Amino acid sequence: MLINFDTPWLLSGLLLMMVPLLRTGIKSQAYPWLAILPKDTLSSSLSVLIRIIGMAAIGLLILGLSGVYLKEQRIERIGQGAHIVLLLDRSNSMDTTFAGKAPMNEQEESKSAAARRLLTEFIDKRSHDLMGIAEFSTAPLFVMPLTENKQALHAAIAATATPALAYTHISKGLAMALSFFDEQPTTGTRIIVLVSDGAAAIDSDSEQALRTLIKEQHIRLYWVFLRTSNSPGIHEKPENSRDDNAQALPEKYLHLFFSSLNVPYQVYEAESPEGLQSAIDDIDKLENRPLHYFERLPKQDLSGLCYQWASLMIALLLVLKLCEVNRS
Amino acid sequence: MLAKRECFKDFRFWCLTLALVALVMLFLFPKVKQSGPVYQMTFIVDITRSMNTEDYRYNGEMISRLEYVKMTLRELLSSLPCQSKVGLGVFTERRSSLLFQPIEVCSGFNELDAAIAALDWQSAWAADSRIAHGLLNTLDMLKDDQETRLIFISDGHEAPPLNSRYGPDFSTVKDKIKGLIVGVGGLEPKPIPKFDQQGKRVGFYGADDVPHRSTFGESDLNPESIQGYDARNAPFGSEAAAGSEHLSRLYEPYLKQLAAETGLGYQRLTETAAFNQALQSEALALNKDIWIDRRWQFASMALLALLLVFI
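Chains A and B, in that order, give the protein sequences. Everything in the first sequence is counted per this note's numbering, starting at 1384 for the first residue and increasing by one. Everything in the second sequence is counted per this note's numbering, starting at 1178 for the first residue and increasing by one.
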């Protein structure tokens, strides 16, 4: 049912519509002998009309009082957009600058502050997307389900201004981000944007599980790697081949893992706020393919309409009243 | 002319006029500004392991403290007036993490509901439960926000046990913000469920699994009463501590004491209705001007007048 009521019990008042059926609403006048009155079709039809209008006016007022409204509707449209889960790193190191220091003055921006500023813009730009937010440090945190509610998303991004937590445990974070799509219909693109400043080795158990999940869910993966200067990058080739392992170079091995998934994957190594900006702009551009999405038509109040019609009915009754002939 | 004047004598005419006037008023003044209570709250929920203790009964089944808290909060959401805002955070270790700043409850109902439902003990980033330090950290984090009320929900079970010598000092944050400490759990000690790495349940914590006293720094007891005391080598004595820290109950006096030290109120979570009432109290309310739909007043006046016409 599309039509709904705020206070449905008031609908019992619709019984009052019977009142005009029992009473005429016309002043009765004494007349010696009704039988000698000529038959007047106009008058009798008018009397019926008055009753009908009266019933309509009462009914409309009751409908208005019961707070009738049109339920929120979703209309399917084709446009540009995607389902995006932002997976944010809340480890301690995010609170340092790209140079790896604690921010000293106003000009120096920590990695998390830069991410916060640019993600807020990103959320505003993507008007048709459903976005969700998950965070991770040692453990994953569910923050915001996939939603269109920009205010809620902003509130969640703003909350990352509070000090960060412990370490980086990326596989649990990814599993949490993937779980966002569990109960979502597969319309449109599903994207996970991982924003982190480092990685950690993924153990082989969770590697297998992640591999299957990412494939099954048809995920497109973006990794915005906020690289601190002088830290190993994703294409690092150590001089000593013994150092070339997942423990020593977790970023490189995470990159290799993502690349081996056979899903669309893109990595951005951002070494400055500008680098981060261009990465986010790029994602914004790339993810503008056609998509079925649902536009939300908000709940529509119909009681105003009821009251308008009710006033029209009452005005009509008043006009009829003024036409009444009185002979006494 | 005469007919018209006659018509004016009929009460029906006046009733209809009254009904019409009422409806005109309805369109002119549909809303009235009223100062009403709204609430802006940030819930910080303890997600340490003692919150898994099952000492709430719901529909004949025992459910964990955390589950009960989640249920209560979700019920509370629908009872808060629109324009109220709710923020959410979790506490573990010695600090809390804010998940999101307060969101308006009516437009953000689904998001809030999902976020509360997703609260999970597995989100804890460390295993300690230093409630006093966590409370201090939270108060410090929120102290600049004068409108938000802190609702700190915990069972008061410190782990490892507190050394009273090293309690935090609340003097910098005392009375800075208003709020409540909500005590959860039963007063009878109950075993704490234990889970393995995959999150599968494997029985309960035993007496050997947990430390029964603080062994950090200097002992808070009188050295003379400590068995085998040695100031340098055994400040806590030579005996292994025995205790019941593997069982959990609501540490109500402790939470009350924290409430007194921080200037927050205290409320025990026993049933939803009482909890809703405690939260929606005058002390925690913000008075804001809200526009209230008053059309029903005019509409009922019109209806009454119209009914009189037919009677």
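Hints were generated in silico from the structure; no laboratory data involved. A few of these clues could be false.
[Stated by the list, open to error] Restraint-style ranges between C-beta atoms, simulated for each label pair:
hint, chain 1, residue 1, chain 2, residue 2, range
1, B, 1322, A, 1682, 41 to 51 Å
2, A, 1389, B, 1322, 39 to 49 Å
3, A, 1385, B, 1488, 32 to 42 Å
4, B, 1185, A, 1418, 41 to 51 Å
5, B, 1379, A, 1534, 54 to 64 Å
[To be verified] Quick list of in silico lysine to any residue cross-link-like pairs, SDA-like style, CA-CA up to 20 Å:
hint, chain 1, residue 1, chain 2, residue 2
6, B, 1320, B, 1186
7, B, 1186, A, 1703
8, A, 1682, B, 1287
9, A, 1555, B, 1287
10, B, 1208, A, 1452
11, A, 1555, B, 1286
12, A, 1555, B, 1304
13, A, 1704, B, 1191
14, B, 1186, A, 1705
15, B, 1377, A, 1682
16, B, 1208, A, 1684
17, A, 1454, B, 1438
Treat the numbers as computed from the prediction; the structure is a model and nothing was measured. Note that the Cβ used here is the ideal one computed from N, Cα and C, for glycine as well.
Open item on the list: Next pair to validate is residue 1377 of chain B with residue 1682 of chain A; report whether the Cα-Cα distance is within 20 Å.
Closed with: 43 Å, violated
Open item on the list: Does residue 1286 of chain B sit within 20 Å of residue 1555 of chain A, going by the straight-line distance between their CA atoms?
Closed with: 27 Å, violated
- [ ] Could you tell me whether the CB distance from residue 1389 of chain A to residue 1322 of chain B stays inside 39 to 49 Å?
- [x] 33 Å, violated
Open item on the list: Does residue 1191 of chain B sit within 20 Å of residue 1704 of chain A, going by the straight-line distance between their CA atoms?
Closed with: 10 Å, holds
- [ ] Given the range 32 to 42 Å, decide if the beta-carbon distance of residue 1385 of chain A to residue 1488 of chain B lies inside it.
- [x] 36 Å, holds
- [ ] Starting from residue 1682 of chain A, check that the Cα of residue 1287 of chain B is at most 20 Å away, please.
- [x] 15 Å, holds
Open item on the list: What's the verdict on residue 1186 of chain B and residue 1705 of chain A, does the C-alpha distance respect the 20 Å limit or exceed it?
Closed with: This hinted pair holds, its Cα atoms lying about 12 Å apart.
Open item on the list: Just to be careful, I want the Cα atoms of residue 1555 of chain A and residue 1287 of chain B compared with a cutoff of 20 Å; is the pair within it?
Closed with: 25 Å, violated
TODO: Starting from residue 1454 of chain A, check that the Cα of residue 1438 of chain B is at most 20 Å away, please.
DONE: Measuring from Cα to Cα gives roughly 49 Å; hence the hint is violated.
TODO: Return holds or violated for the Cβ distance of residue 1185 of chain B and residue 1418 of chain A against the range 41 to 51 Å.
DONE: 31 Å Cβ-Cβ, so the 41 to 51 Å window is violated.
Open item on the list: So if I understand the rule, the pair passes when the alpha-carbon distance is 20 Å or less; does residue 1320 of chain B with residue 1186 of chain B pass?
Closed with: Violated. Residue 1320 of chain B to residue 1186 of chain B sits at ~69 Å, over the 20 Å cutoff.
Task: residue 1208 of chain B paired with residue 1452 of chain A [C-alpha distance capped at 20 Å] - done: 18 Å, holds
In terms of the numbered hints stated before, the structure departs from hints 1, 2, 4, 5, 6, 9, 11, 15 and 17, listed from lowest to highest.
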